[in-house]
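Each residue of the sequence shown is one higher than the last, beginning at 39 in the numbering used here.
Errors might be hidden in some of the hints.
[Stated by the list, open to error] With a cut-off of at most 20 Å between alpha-carbon atoms, the simulated EDC-like pairs for lysine to aspartate or glutamate come out as follows: (1) Lys-544 x Glu-567; (2) Lys-372 x Asp-285; (3) Lys-367 x Glu-575.
[Claimed, not checked] Have a look at the derived ranges for each label pair, beta carbon to beta carbon: (4) Val-154 x Thr-531: 38 to 46 Å; (5) Pro-443 x Glu-507: 24 to 32 Å; (6) Lys-271 x Ala-226: 21 to 29 Å; (7) Thr-375 x Asp-418: 17 to 25 Å; (8) Ser-481 x Ser-166: 53 to 61 Å; (9) Ala-395 x Trp-300: 46 to 54 Å; (10) Ser-166 x Asp-307: 35 to 43 Å.
Source of the hints: derived by calculation from the structure; they are not laboratory data. Where a beta carbon is used, it is the ideal one built from N, C-alpha and C, also for glycine.
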Amino acid sequence: MSAAHRLSSIISLEEYVKPRKFLAVPLLAAALAMSACNTGDTGAGSTDQPSAAAISAQDINPQDRASLKQGGTLRQAVADFGNNWNPMNVNGNLADLTDVRENMSVAMFDYSAEGVPMPNPNFLESISDNGASPLVVTMKLNPKAVWGDGSPVDVDDWIATLKACNGQDKAFQCATTQGYDAISNVKAGADKYEVIVSFKAAYPDYTQVLSSVQKAESVADANTFNKGWTSLKNEWFSGPFKLDKFDKTQKVLTLVPNDKWWGDKPLLDTMVFRAIDVSATAQSYVNGELDAFDIGPDPDAFAKSKGVTDGAIRKAAGPNFRHFTFNTKAGLLKEKTIRQAIVRGLDRGAIGESDLAGLEWPATPLNNNVFVSTQEGYEDMAKATGLDYDPEKAKSDLEAAGWKPGADGIREKDGKKLEVKFSQLADVPVSENEALQAQKQLSEIGIKVNIVTVPIAKFQDGTVLTNAEFEIIAFSWIGTPYPFGGIKQIYGTDAESNFSQASIPKVDELIKQIDVEIDRAKRVQLANEANKLIWEEVMTLPLYQRPELIAAKAKLANFGATGLSSLRPENIGYQN
Numbered sequence: 039m040s041a042a043h044r045l046s047s048i049i050s051l052e053e054y055v056k057p058r059k060f061l062a063v064p065l066l067a068a069a070l071a072m073s074a075c076n077t078g079d080t081g082a083g084s085t086d087q088p089s090a091a092a093i094s095a096q097d098i099n100p101q102d103r104a105s106l107k108q109g110g111t112l113r114q115a116v117a118d119f120g121n122n123w124n125p126m127n128v129n130g131n132l133a134d135l136t137d138v139r140e141n142m143s144v145a146m147f148d149y150s151a152e153g154v155p156m157p158n159p160n161f162l163e164s165i166s167d168n169g170a171s172p173l174v175v176t177m178k179l180n181p182k183a184v185w186g187d188g189s190p191v192d193v194d195d196w197i198a199t200l201k202a203c204n205g206q207d208k209a210f211q212c213a214t215t216q217g218y219d220a221i222s223n224v225k226a227g228a229d230k231y232e233v234i235v236s237f238k239a240a241y242p243d244y245t246q247v248l249s250s251v252q253k254a255e256s257v258a259d260a261n262t263f264n265k266g267w268t269s270l271k272n273e274w275f276s277g278p279f280k281l282d283k284f285d286k287t288q289k290v291l292t293l294v295p296n297d298k299w300w301g302d303k304p305l306l307d308t309m310v311f312r313a314i315d316v317s318a319t320a321q322s323y324v325n326g327e328l329d330a331f332d333i334g335p336d337p338d339a340f341a342k343s344k345g346v347t348d349g350a351i352r353k354a355a356g357p358n359f360r361h362f363t364f365n366t367k368a369g370l371l372k373e374k375t376i377r378q379a380i381v382r383g384l385d386r387g388a389i390g391e392s393d394l395a396g397l398e399w400p401a402t403p404l405n406n407n408v409f410v411s412t413q414e415g416y417e418d419m420a421k422a423t424g425l426d427y428d429p430e431k432a433k434s435d436l437e438a439a440g441w442k443p444g445a446d447g448i449r450e451k452d453g454k455k456l457e458v459k460f461s462q463l464a465d466v467p468v469s470e471n472e473a474l475q476a477q478k479q480l481s482e483i484g485i486k487v488n489i490v491t492v493p494i495a496k497f498q499d500g501t502v503l504t505n506a507e508f509e510i511i512a513f514s515w516i517g518t519p520y521p522f523g524g525i526k527q528i529y530g531t532d533a534e535s536n537f538s539q540a541s542i543p544k545v546d547e548l549i550k551q552i553d554v555e556i557d558r559a560k561r562v563q564l565a566n567e568a569n570k571l572i573w574e575e576v577m578t579l580p581l582y583q584r585p586e587l588i589a590a591k592a593k594l595a596n597f598g599a600t601g602l603s604s605l606r607p608e609n610i611g612y613q614n
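Using the sequences and the accompanying hints, generate a full structural model.
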């Protein structure tokens, strides 16, 4: 749908389907039916697996809006609704919430299938830069663009938005300060619709930072920024749709066309979002209660969706990946030796095969924290560091560190058992599967994994991550066409989305260089230097590139697996 807010990556379970937002979003990776455990070959060299690179960049049933009928409803599912709708806030940076608000938000750019940004004339008439360092960018806004209360989208909004997350006021709980902290000044040009943004140096990814804007009053102070977004307020949004009603009891939210929208009239009459247990989403689609949903790594849902006669499965290779995050300040995970032993004790190929069994998607382990295998710059960090599946090496490392096998097979040291906690998300089969696999595999090297169940609500409101209430947890990062931006957001010292809480000073130094490096080849080199250090530190452990598999009614047009691209909500509709 729209490229509503493209800062870096977003968090998700496994249900996020829409275009890649630019705040790295943790996707609530959810909908996986338990598949048979496979502890055999990792599959990394299998020749019968499909290649992610061979899958299309975009699969959306593209149609000219003039050929589509006016009217209709698009019914979608979310795992749950959170209580912070601010896309810039670390607790609002969730895919389910983005699914809703992207239809109501400022989208400065349209993104091609290759992830190339182009001005969206609904909001941005033109954009130019001085091609120098320090960088100066000039935006000419569309004067017709207005917020839900009728006030103009203008320079005051940009000044407030870009100031909120520049890192100078730590009270603002931003999902990231990446890019904002590179700006030295924001001011009006010839009038309030000309915005001049000055950077401290070069900044090649400036379109990432300028992809969206918030209404000035909504981010004016830290209290409003952090606590003022508990409900959707139409006056704080600007897009083709607006909120009609939200039944909190039934957990059903309805959007309708925005009567103040100045662009092409939306084709759909309504968009309906209903909170449904992720394990029941596929059956709801089969029963005709939903018009589209994200299959994710769910073999059961994939099989069910293939049987829907008036449906289709749309596929794209996006920059999204499943992973484990390690809390490096919790329990025994404070010891890097133990974290590295866990990496060597985990057969990620087997985990991927178990997660993805029955899907038309490769289960090849992903060995890079920044780039997926289909992106330019991908290098195998497991090979480069020698830190990969090797249970015998894991055992010897633990032995050398003083962890000896006990009578029950669990290692001990100074009277303490070698135990770690894995937080699985309740009723999220993919998370439950990965917890069980980790428990079984790590027991073979003498590590006991205690599985802790976390309610989905604690993931949706962000607290389990931001309060560091976990030791190991699995979810998906939904990437963007800006892979370099996620390095600081997820791995920088004290970064808002650095849920591992690790600090690598050399990585912080490299981030500063990456931010201003214009030569892409040099940026890739620097990124992989940082990547190698991150891999060795074991902040996060990628599992596999996450499939973007979208089940949708066959006649639903301009919607589906978007990859790196974006779609305009007003153009989503049905063929006759």
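key: Assessment of proposed distance window 53 to 61 Å (beta carbons of Ser-481, Ser-166)   = This hint holds: roughly 59 Å between Cβ atoms.
query = Taking the beta carbons of Ala-395 and Trp-300, is their distance inside 46 to 54 Å?
reply = holds, 49 Å
request  = Take a quick look at whether Lys-367 and Glu-575 sit within 20 Å of each other, Cα to Cα.
outcome  = OK: Lys-367 and Glu-575 at ~13 Å, within 20 Å.
Satisfaction of hint between Glu-567 and Lys-544, Cα-Cα up to 20 Å = holds, 9 Å
ask   = Is it true that Val-154 and Thr-531 lie within 38 to 46 Å of each other by Cβ?
value = violated, 32 Å
key: Ala-226 and Lys-271 - C-beta distance against the hinted 21 to 29 Å   = Given about 26 Å between the Cβ atoms, the range holds.
ask   = If you check the beta carbons of Ser-166 and Asp-307, does the distance land in 35 to 43 Å?
value = holds, 39 Å
query = Holds or violated: 24 to 32 Å for the Cβ distance of Pro-443 and Glu-507?
reply = holds, 30 Å
query = Are Thr-375 and Asp-418 spaced within 17 to 25 Å by their CB atoms?
reply = Roughly 23 Å apart at Cβ, these two residues keep to the hinted range, so it holds.
ask   = Is the hinted pair Lys-372 and Asp-285 satisfied, with a Cα-Cα distance of at most 20 Å?
value = violated, 44 Å
Comparing the model with each earlier hint shows violations of hints 2 and 4; every other hint is respected.
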